[in-house]
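Visitor: Numbering (my numbering), first residue to last: 1 to 201.
Source of the hints: derived by calculation from the structure; they are not laboratory data. Among the hints, erroneous ones may be present.
No farther apart than 20 Å at their CA atoms in a straight line, the calculated lysine to aspartate or glutamate pairs in the EDC-like style are these [claimed, not checked]:
| id | residue 1 | residue 2 |
| --- | --- | --- |
| 1 | Lys155 | Asp179 |
| 2 | Lys35 | Asp51 |
| 3 | Lys155 | Asp119 |
| 4 | Lys35 | Asp16 |
Each pair of labels, with its calculated beta carbon distance range [to be verified]:
| id | residue 1 | residue 2 | range |
| --- | --- | --- | --- |
| 5 | Leu185 | Arg100 | 17 to 27 Å |
| 6 | Asp54 | Arg112 | 38 to 48 Å |
| 7 | Arg168 | Arg100 | 22 to 32 Å |
Built from N, CA and C at the ideal position, the CB exists for glycine as well.
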Amino acid sequence: MPYEDRAVTALAAVADRQRTAEYGWALDWDLRPVKQRVFNLAERGLVEFADRDDRAALSAWEGRAVRWAARLTAPGHDLLLYSRFRLQPAEGAPGPALQRVELIPSQMTALRLFVALADQLRVRPAVGLAEQVHTARRDPAVNRYVLHLSAEQMKCVAYAFWLHRMSRSALEANRFTRDYGITHLPGPAVDPSTHCPAAGT
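Construct the complete structure from the given sequences, taking the supplied hints into account.
Guide: Below is the structure:
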């Protein structure tokens, strides 16, 4: 399991114990299976430990010595929230059907660059593509990023990979063509509908 995933798992363990604890602290014996991970989280500022006075109060309440207790910091809470977030299309919302798209890390890197340059590009990303890129989650089982894209957004991805092909690497475009059958083919007589649509259209 990647380090980031282990950190999120440990954060979830602290949050679960903290949520059910009467005093708002996850106690040492409850977190023994993930003790080292919790200490690593503390080094990164994602959890905080009870100070001496808090430990004394917890020990009195529990009727035994509490050696340490932890709870999420604000960044730890936010990281756990982000890790659990899933972007879902609104039920019953109008619009085109969305296709599940899985991208390898290098494809996501190229697509993030395309979105980051949106304000400087003459051909801008389709509406909603930036949100999909920003909220895409990596599936650790297959090391793929999962997005749900409309047909217009798919054309934008093909255009982004064409830019990447012409300036850096062809791997990302070739893989997208192989997996989804979409290729951006610019030319003097290309149908405008094959281009990435401008934002707002």
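Visitor: In ascending order, which of the hints set out earlier in this document are inconsistent with the structure?
Guide: Violated: none.
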